[in-house]
Amino acid sequence: MTGVAVVGAAETTELGKIPHLSQQQLHADAALNAMADAGLTAKDIDGIATAGERPTDLAYYLGITPTWVDGTSVGGCSFMLHVRHAVAAIASGQCTTVLITHGESGRSGVGRGGFPRAPASLAGQFEMPFGPTGPPTMFTLPVLRYMKDYGMTHEQLAMVAVVQREWASMNPRASFQNEISVDDVLNSKMIAYPFHLLECCLVTDGGGALILTKADRAADFPQPPVHILGTGESVETPIVSQMEDLTSSRAFKVAGAFAMRDAGITHADVDHLMVYDAFAHLPIYGLEDLGFCKKGEAADFIWEQNTAPGGSLPMNTNGGGLSYMHSGMYGMYALQESVRQIRGTAPAQVVDANVSLCLGVGGMFGASGCIVFGKEPK
Amino acid sequence: MDKPTRSLPQPTPETQHFWEGTQAEQLLLQRCTDCAHTYFPPRPFCPSCSSRSVEVYAASGRATLASYVINQRPHPAFDGPYAIALVDLEEGPRMMTNIVECEQTPEALQLDMPLEVRFEQVSEDIKLPLFAPAGADK
Ligand SMILES: [Zn+2]
Numbered sequence: 001m002t003g004v005a006v007v008g009a010a011e012t013t014e015l016g017k018i019p020h021l022s023q024q025q026l027h028a029d030a031a032l033n034a035m036a037d038a039g040l041t042a043k044d045i046d047g048i049a050t051a052g053e054r055p056t057d058l059a060y061y062l063g064i065t066p067t068w069v070d071g072t073s074v075g076g077c078s079f080m081l082h083v084r085h086a087v088a089a090i091a092s093g094q095c096t097t098v099l100i101t102h103g104e105s106g107r108s109g110v111g112r113g114g115f116p117r118a119p120a121s122l123a124g125q126f127e128m129p130f131g132p133t134g135p136p137t138m139f140t141l142p143v144l145r146y147m148k149d150y151g152m153t154h155e156q157l158a159m160v161a162v163v164q165r166e167w168a169s170m171n172p173r174a175s176f177q178n179e180i181s182v183d184d185v186l187n188s189k190m191i192a193y194p195f196h197l198l199e200c201c202l203v204t205d206g207g208g209a210l211i212l213t214k215a216d217r218a219a220d221f222p223q224p225p226v227h228i229l230g231t232g233e234s235v236e237t238p239i240v241s242q243m244e245d246l247t248s249s250r251a252f253k254v255a256g257a258f259a260m261r262d263a264g265i266t267h268a269d270v271d272h273l274m275v276y277d278a279f280a281h282l283p284i285y286g287l288e289d290l291g292f293c294k295k296g297e298a299a300d301f302i303w304e305q306n307t308a309p310g311g312s313l314p315m316n317t318n319g320g321g322l323s324y325m326h327s328g329m330y331g332m333y334a335l336q337e338s339v340r341q342i343r344g345t346a347p348a349q350v351v352d353a354n355v356s357l358c359l360g361v362g363g364m365f366g367a368s369g370c371i372v373f374g375k376e377p378k
Numbered sequence: 001m002d003k004p005t006r007s008l009p010q011p012t013p014e015t016q017h018f019w020e021g022t023q024a025e026q027l028l029l030q031r032c033t034d035c036a037h038t039y040f041p042p043r044p045f046c047p048s049c050s051s052r053s054v055e056v057y058a059a060s061g062r063a064t065l066a067s068y069v070i071n072q073r074p075h076p077a078f079d080g081p082y083a084i085a086l087v088d089l090e091e092g093p094r095m096m097t098n099i100v101e102c103e104q105t106p107e108a109l110q111l112d113m114p115l116e117v118r119f120e121q122v123s124e125d126i127k128l129p130l131f132a133p134a135g136a137d138k
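Heads up: the protein sequence lines correspond to chains A and B, in order. The first sequence maps to residues 1 to 378 in my numbering. The second sequence maps to residues 1 to 138 in my numbering.
Worth flagging that the hints you see were computed from the coordinates, not collected in a lab. Nothing here was measured: the structure is a model prediction, and the numbers come from that model. Check each hint, because a few of them may be wrong.
As the list claims (entries may be wrong) - To be clear about the criterion: a stretch of chain A counts as covered by chain B if any three or more of its residues have a C-beta under 8 Å from a C-beta of chain B, and this derived list gives those stretches:
id : stretch
1  : 129-137
2  : 189-197
3  : 209-222
Think of the CB as a built atom: it goes at the ideal place given N, C-alpha and C, for glycine as much as any other residue.
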């Protein structure tokens with residue numbers, strides 16, 4: 001238990017293709033929706049955290065005078081780290097009410113900065129000369145090693161996308177809702193062998209925001225509080241070629257174990273799981289690195305429908321980055337789905353979702369943040 | 001000479017020796033003189049024990065294929081689909097590279113196949129370390 005709760009949570013009014021809003025306005029739209037959800041205005045916010053844009057820009061734009069600022073930017077899981085840092089800041093009295101925003105014009109590219117890799121950086125010297133053309137050719141690099149070492153098949157990798165589409169079919173805000181088969185996945189266009197189009201995340205526009213405050217104030221807010229039970233974070237490497245183990249994420253292991261210990265929970269306590277799925281292998285790595293499956297067994301676990309609707313461990317219930325939405329920094333949407341599940345307001349609601357674990361990734365297995373949410377403060 | 005459209009590395013003071021090495025067709029690694037750990041990418045200290053006592057030495061150039069993807073999207077420096085590969089050097093470190101003198105297909109690119117280094121001039125100052133199946137004709 002951290003003594004801090006989520007009292008406001010919202011995504012942008014629209015998701016998908018939003019060419020009429022700049023990236024900064026996507027942040028603001030989500031922030032205004034989250035403030036409305038919590039019954040607050042910018043005058044009530046005294047802490048701000050964001051990634052993708054600078055917290056200076058957002059605080060000014062929204063009219064916030066913060067006593068606490070966090071611009072931690074480690075990729076798509078930055079928002080998990082913001083939640084963690086906000087918990088510490090609120091607990092130590094540096095601020096009382098934190099707004100965490102995300103907005104990304106990932107598809108339309110309106111008012112969006114690029115992500116150049118400096119030729120003198122480690123990536124610029126030791127990866128870019130060999131021809132990677134973005135995440136589909138870098139994040140994906142470890143998986144053939146995993147497939148050979150643990151006997152995972154192409155069909156099993158495809159099943160990750162099939163199961164997540166099943167969840168998305170229950171979600172009217174999901175970008176893709178038509179159900180698909182393993183054959184559909186394997187017959188979709190090859191992007192970077194062994195990854196097919198349907199095993200890669202979407203590229204969409206959108207945003208989300210969270211508001212956190214002390215749990216003992218939570219009764220003052222219109223929404224039921226979503227308690228933050230535990231948190232974890234770590235980083236491993238800026239270049240995927242230097243992962244310690246191509247079949248496992250060190251950052252997942254460190255962040256996940258810390259968050260579960262912090263929350264005082266066991267695997268059996270987790271009713272609902274989110275694992276950031278930029279590509280189809282991430283849920284497999286996540287299930288194993290979090291300890292829900294033994295090494296080499298996660299693909300079978302998914303194949304046997306354990307993470308599908310009606311399964312023992314519902315995972316990525318919004319449809320995930322593969323089917324729901326993925327703006328580039330997807331972590332915020334995973335957090336939003338955990339909050340919805342604990343509130344009991346998710347489109348594909350899990351029965352008795354009392355504890356939700358949300359694992360994020362940043363860069364190409366470069367960073368991770370993990371948040372455990374609960375209906376009760378525990 | 002490769003087409004001039006690869007992204008080129010810009011050496012720093014800490015990596016200069018590595019790129020001078022490839023220019024002389026040597027693959028240089030660093031080893032800690034305190035704990036004997038061999039590491040890559042270059043830096044003037046040991047990432048295992050934090051010692052600043054490190055030495056540069058020439059690797060054997062032998063490696064095995066650790067993992068790869070075959071990029072289907074066009075890249076100006078490559079003709080058709082091409083593999084972006086990770087290779088495990090005989091001395092321990094892993095590095096990204098391309099596999100040359102080999103079909104760029106899953107059938108030809110077998111994990112753990114033995115490889116040996118090649119050096120490809122991509123600009124006046126830079127030769128990139130690439131790898132070919134061991135025993136392939138130079
Ligand atoms: Zn050492």
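Now the hints, each set against the structure:
With 7 residues having a beta carbon nearer than 8 Å to a beta carbon of chain B, the stretch 129-137 of chain A meets the requirement of three or more and the stated coverage holds. Figure legend: the stretch 189-197 of chain A, annotated as covered by chain B; annotation consistent (7 residues with Cβ-Cβ distances under 8 Å, at least 3 required). A stretch counts as covered by a chain when three or more of its residues have a beta carbon under 8 Å from one of that chain; for the stretch 209-222 of chain A and chain B the count is 0, and the coverage is violated.
Hint 3 from the earlier list is the only one contradicted by this structure; the remaining hints agree with it.
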